[in-house]
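Q: Dock chain one against chain two, each of which comes alone in its own frame, and use the hints as you go.
As given, the protein sequences belong to chains A and B, one line each in that order. Residue 1 is where the first sequence starts when you use the numbering used here, and the numbers rise one by one after that. Residue 1001 is where the second sequence starts when you use the numbering used here, and the numbers rise one by one after that.
Treat the hints as calculated values from the structure; they're not laboratory data. Among the clues, some could well be false.
As the list claims (entries may be wrong) - On the chain B side, residues computed to face chain A include the following (Cβ under 8 Å): (1) Q1042; (2) G1043; (3) P1044; (4) E1045; (5) Y1046; (6) Y1087; (7) L1100; (8) F1102; (9) G1103; (10) K1104; (11) G1105.
What you are looking at is a predicted structure, and each value in this text was computed from that prediction instead of being measured. Backbone N, C-alpha and C fix where the C-beta goes; we use that ideal spot for every residue, glycine too.
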Amino acid sequence: NAGVTQTPKFQVLKTGQSMTLQCAQDMNHEYMSWYRQDPGMGLRLIHYSVGAGITDQGEVPNGYNVSRSTTEDFPLRLLSAAPSQTSVYFCASSFSTTGSGNTIYFGEGSWLTVV
Amino acid sequence: DAKTTQPNSMESNEEEPVHLPCNHSTISGTDYIHWYRQLPSQGPEYVIHGLTSNVNNRMASLAIAEDRKSSTLILHRATLRDAAVYYCILRWYGGSQGNLIFGKGTKLSVKP
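Bound conformation, chain B alone (with noise of 0.2 Å):
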C-alpha cells in the first residue's frame, strides 16, 4: 500500500480555517484519498474521499493537488469538537477487501 506522510500535530483557534495536509508522492492512479477521523476515546470515523477532483461534504472540503501527489483536508470553521486525531489514507480503487492502512495521523487541538 502506498505511503501518506503527515505532520503530527497541529493547533487551531476556534471558529478559524485549518489546513491539514498530506503528502502521497508515491500514488498510484486508481488509489483513492480518504481521511477518516478519530475524536478522543472513539473510534474512527469517515470525513471525506475523493480521487482527482476537489471534494465537498457537510462535515469538510478536500483539496487534491493536480499530480495528486499531495492533498489538504479543509474544516472551514473549527470547533472545540473537531479537535481529534486526522488520518489520510489512500485505497486502491479495487477495493483490497475494503482494508484501512493506517498511519499515526495528524492530532489536532483546537483552542477556545
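Here chain A stands alone, though its shape is the one from the complex (with noise of 0.2 Å):
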C-alpha cells in the first residue's frame, strides 16, 4: 500500500496564479482532510471530508476549495495564491469518521511558497 501520496512535493507560485494540489489513499478510506502547518506552529485544519461528495469547512478554509468525487482522491485547490497561503499543506485520512480511536494517517506534506 501506498498510504497517503501527495504531489508535488515543493512548489513555488507568483501571488494570483492558481493551482492544485493532490491527494490519493488507497486504503478506502470514508474521511479526508487537509491541514496547513505554518513555521513554529502545529497542524491547522483547512478543510474536511466525510465521504464522496462531502466536504466540509474547517479552522482556516478562505482562498482554498474541495472536492471529493471519489472514494480515493482529495484535491485541495487555491484560487488565487497570496504570499499567506506559503506554508507546509499535509494531506490525512482515516478509515471512518465515527469512533475517535481510529488512527488518522498522514501525507508527506507539500511545500509551497507564494512570492
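A: Rendered as C-alpha cells:
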C-alpha cells in the first residue's frame, strides 16, 4: 500500500496564480482532510470530507476549495495564491468518521512558496 | 474542543526513559486522549491513544491520571529517532468528523 500520497512535494507560485495540490489514498478511507502548518506552529485544519460528495470547512478555509468526487482523491485548490498561503500542506485520511479511536494517517507534505 | 497544555520542549539522553506530560483539565467523559508525533520534515504519525486505563503498545505507554485531567506519554528507551514534536490531542468519542485539533506540542531532543 502506498498510504497517503501527496503531489507535488515542492512548488513555487507567483501571487495570483492558481494551482491544485493532489492527495490520494489507497486504503478505502471514508475520511480525508487537509491541514496547513506554518513555521513553529501546529497543524490547522483547512477542509475535510466524510465521504465522496461531502465536504466541509475547517478552521482556516478562506482561499481554498476542495471537492471529493471519488473515495480515493481529495484535491485542494488555491484559487488566487497569496504570500500568506506560503506553508506546508498535509493531507490526512482515516478509515471511519466515527469512533475517535481511529488512527489518522498523514501524507509526507507539500511545501508551497508564494512569491 | 477541550484544550491541552504541554511543555514547549524537553531533553533526554539516548537509551533513557522519557516522560512527556500533558494537562487537560477541561476533558469531558467522552474525550479520548491521543498522541501523535512529527519527525522533522515529515507528516504526523500516530503513537498511542486511550480513554481511562493505561495503554501500552510497541512504540510507547500512556499513563492516564485517575481524574483524567492529565496524562503522560512514556518512551521507555529514547533513541535518536525519537527526536520529534509530540502532540497531545483530545478527540470526542462521537467522532467530530475525525478531526484532530493540534496545539504546538512538545519538541523532544535526544542527546547521544
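Q: Could you run down the list of hints and mark each one as holding or not?
A: These are the hints, each one checked on the structure:
1. Q1042: Hint on Q1042 of chain B: holds, closest Cβ of chain A at ~6 Å, below 8 Å.
2. G1043: Interface hint status for G1043 of chain B: holds (3 Å vs cutoff 8 Å).
3. P1044: 5 Å, holds
4. E1045: 7 Å, holds
5. Y1046: 4 Å, holds
6. Y1087: 7 Å, holds
7. L1100: Given a least distance of 6 Å, the restraint on L1100 of chain B holds.
8. F1102: For F1102 of chain B, the interface hint holds, since the closest Cβ of chain A sits about 4 Å away, which is under 8 Å.
9. G1103: Result: holds, 5 Å to nearest chain A Cβ.
10. K1104: 5 Å, holds
11. G1105: Constraint on G1105 of chain B satisfied, holds at 6 Å.
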